[in-house]
Amino acid sequence: MSFNYNHLRAKKSRLMNILRLFLPLLNLLKIVGVISGFSLIFMDSDLGWIVLAIVSVVTIMIHWWNGELHRLAPSTELTIEGQMASNILGKLSKNPTSEQIAKVVLESSGGKFIAARFGLGKTTIESLVQIPQNSPENIFQTALQIQQKLKTKTVSGSVLALAIVRNFPNYETLLAQFYVDFEDLERGVLWHDHIFSLINKSKIPMKTGGIARDWSFGYTPTLNRFGVNITNQVSNNILMSSNLEQHKELVSKMIEQFSGQGKQNIALIGVDGVGKTTVVNSFAAKIANGNEKIPSNLKFRQVISLDASSLIAAAPGRGEIENLLNYVLNEAYAAKNIIICLDNAQLFFEDGVGSVDVSNLLLPIIQGGVLRMILTMDEQRFLQISAKNPALAQAMNRLQVNPANYDETLAVMQDKLLLFEHQNGVLYQFQALKEAYRLSQRYIFDLEMPGRAVRLLEMSAGFAENKIVTASSVEKAIEQTMNVKISTANVDEEKETLLNLENLLHARMVGQEKAVSVVANALRRARTGVRNQNRPIGTFLFLGPTGVGKTELSKALSEVYFNGEDNIIRLDLNEYVNLEDVPRLIADGSRDASSLTAQMMKKPFSVVLLDEIEKAHPNVLTALLQVLDEGILRDEKNREVSFRDAIIIATSNAGAERIQELIARGYDSTSAEEVIVNDLIASREFRPEFLNRFDEIVVFEPLTKENLLQIIDLMITGVNKTLAGQKISVSVTPEARLMLAEMGYDPKLGARPMRRVIQRVVENTIARKMLSGEAQPGSNIEITPDIVQQS
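So in the working numbering, spot 641 of the sequence shown is number 641, and the numbers just go up one at a time.
Calculated directly from the structure, the hints in this document are not laboratory data. Hints are supplied without guarantee of correctness; some may be wrong.
[To be verified] Between beta-carbon pairs, the in silico distance windows are:
1) R570 <-> G262: 26 to 34 Å
2) A593 <-> S259: 44 to 52 Å
3) D581 <-> I681: 19 to 27 Å
4) L174 <-> R20: 46 to 54 Å
5) V577 <-> K467: 25 to 33 Å
6) S109 <-> Q261: 48 to 56 Å
7) S93 <-> K467: 46 to 54 Å
[What the hints assert, rightly or not] Distance condition first, Cα-Cα at most 27 Å in a straight line; then the derived BS3-like pairs of lysine-lysine:
8) K122 <-> K467
9) K434 <-> K476
10) K203 <-> K299
11) K416 <-> K495
12) K203 <-> K263
The beta-carbon is built from N, C-alpha and C at its ideal position, and this holds for glycine as well.
Work the whole structure out from these sequences, hints included.
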């Protein structure tokens with residue numbers, strides 16, 4: 001596709017660029033000329049008329065630039081000259097080279113936008129035009145195709161930047177290095193155009209009725225004290241309203257309802273974060289704008305949001321609160337131009353901290369429709385209030401506000417980040433928006449989209465790198481606030497820990513090589529990004545007798561890699577033996593902080609220990625199936641709680657005697673597994689579909705004599721760590737060590753009695769010697785066979 005340098009639109013574009021340079025001078029000449037011309041005429045000099053004639057020519061040029069040239073619209077011709085943005089068209093030479101096109105693109109706002117927002121950089125764009133496929137003709141042809149696809153007004157700098165990228169033979173591979181695809185770049189073009197549309201929209205004066213609007217209606221001093229004027233807020237901030245189609249439809253329904261003869265109330269129902277307040281803001285902005293086509297009975301009405309906490313603080317008792325609220329509502333009714341908004345309306349319909357039940361006062365108003373009213377409410381609270389007061393629910397015109405999808409959430413974030421950038425002096429890359437959507441969906445549970453993504457985006461500003469918020473910044477924000485590990489292991493210290501995880505775990509426990517190995521391998525897969533991200537890090541069922549290290553491995557793993565034993569979530573399933581115990585698993589944290597879902601919300605990066613799982617009710621095991629398979633569990637509020645950053649370990653003593661029998665007959669743990677699993681299924685101890693959900697089923701072998709001696713060594717090491725601050729140490733002779741091993745082992749209890757033996761023999765001896773003065777700082781206490789026998 002050739003470039004027509006002499007096209008009329010190209011000539012006008014070049015003239016526009018020239019006039020832009022001289023515009024300040026032309027305006028100065030105009031002012032000086034007018035003054036000089038009239039001064040000369042006043043002095044009866046004919047030269048004044050000549051000066052004014054010149055001024056008129058200058059004025060025409062200025063008006064031409066401000067009019068047609070400044071807003072040079074694309075022509076109907078589908079040619080590059082007819083469609084290219086005038087600011088770029090006017091800078092191209094007669095025979096533009098690819099390098100010149102790239103230079104002009106990178107000087108344009110659109111080109112800079114794409115380069116900065118996607119991290120492509122100036123050098124990437126410049127290097128791409130060096131290939132033969134990026135000839136000027138190919139760039140122009142591809143740019144027109146992109147413009148037609150995206151339906152942009154012109155071939156802007158951002159469109160040309162995309163064309164340069166698109167013509168690169170392996171553009172998908174290139175973009176993958178920046179963690180984006182071409183569809184993301186297309187979203188970037190629309191994002192850039194949207195920002196400019198907001199800028200242009202903000203320049204159009206909003207007809208809000210002016211001071212006459214307020215004078216023509218009633219005086220509301222009390223309402224002004226306890227309410228927030230949403231109309232005034234949105235009139236001064238275009239970003240408070242929404243451009244989502246769903247929200248526009250809801251606003252249209254609200255206008256239709258309030259302009260009709262039906263009940264004059266709207267109840268916006270939706271989960272926190274879906275944008276109920278934004279819908280109210282959009283409604284307030286639309287009816288306040290005289291440029292909009294609004295029914296006359298709604299035009300210039302003001303939306304006032306009542307603050308429940310302020311009302312409650314101002315009145316000491318229920319009677320006083322009702323009187324105050326009644327006075328406020330009477331003021332609003334008398335003013336004739338007020339629409340009351342009860343944001344978080346449940347605060348007015350239930351008794352509690354920060355809330356008061358005034359439904360008896362509000363119900364007649366809502367039913368009668370004498371005062372227009374908007375109520376926003378969480379879905380669960382609405383259902384509770386409906387069950388408690390059916391008449392109230394029936395009187396409301398319910399509108400459902402649904403969570404935003406991916407594209408809608410991106411659009412909301414793109415608007416919100418303009419404010420965040422201004423407040424924090426940073427720039428957000430597109431990759432940060434994508435990552436905020438992905439990670440907020442996984443880790444933020446108390447809000448829905450788009451609120452959860454917007455919250456994470458705002459948090460990420462504090463983790464900007466060189467004043468740029470990247471995907472890595474978003475990951476760091478989640479890691480710091482949620483105590484999880486998201487990015488792949490890239491610190492030498494962590495890499496060393498992962499490579500030596502087996503040794504670190506064996507510093508806490510003895511034997512059970514296979515169990516330690518499968519857990520370590522699962523963590524290494526997770527931290528290098530090669531696992532299935534839609535499942536837990538690993539799910540394991542540990543089978544074996546009591547006291548062989550099943551629970552100890554869970555504790556060791558939590559201490560070594562999950563930042564301490566505090567990050568273990570332990571559920572003793574012998575407390576979940578009844579059908580009625582199932583709701584306790586998923587109870588809301590405000591009601592039961594020890595529920596599985598409540599603990600997981602607080603500590604998503606943790607070891608989940610399901611102890612004695614064979615004792616749980618079958619329905620409890622059924623509830624856990626989704627956790628093992630998909631890594632999610634819905635709580636009682638229907639919120640999706642993620643277990644995808646946890647290792648889930650279930651322990652069971654089922655088949656313990658059979659395991660001991662098989663090991664005694666020469667089976668190793670691996671060969672015993674298949675036999676034990678078949679026995680458990682045959683005995684109906686566990687259902688096959690439940691066992692199949694685990695990544696590994698590991699049989700723990702009974703402890704050997706050598707294992708017991710190693711356990712003694714670990715326990716003595718622990719005692720010495722405790723005594724280190726007092727500069728006292730303890731050691732055990734080989735003979736005493738063997739005696740302790742005999743005393744501390746029970747075939748039925750494994751090594752569990754060993755802790756009591758160490759307390760009775762070793763720790764009691766140390767305590768006596770310290771009290772008697774035999775043990776002084778710097779001394780070593782030796783445990784001999786005589787001491788063991790005497791204890």
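Structure-based check of each hint:
1. R570 <-> G262: 26 to 34 Å: Violated, at about 56 Å.
2. A593 <-> S259: 44 to 52 Å: 48 Å, holds
3. D581 <-> I681: 19 to 27 Å: 24 Å, holds
4. L174 <-> R20: 46 to 54 Å: 35 Å, violated
5. V577 <-> K467: 25 to 33 Å: The hinted range 25 to 33 Å is violated for V577 and K467, with Cβ atoms some 57 Å apart.
6. S109 <-> Q261: 48 to 56 Å: 50 Å, holds
7. S93 <-> K467: 46 to 54 Å: For K467 against S93, whose Cβ atoms are near 36 Å apart, the range 46 to 54 Å is violated.
8. K122 <-> K467: Judged against 27 Å, a Cα distance of about 18 Å means the pair holds.
9. K434 <-> K476: Roughly 15 Å separates the two Cα atoms, so the pair holds.
10. K203 <-> K299: Distance of about 21 Å is within 27 Å: holds.
11. K416 <-> K495: 38 Å, violated
12. K203 <-> K263: Not OK: K203 and K263 at ~37 Å, beyond 27 Å, violated.
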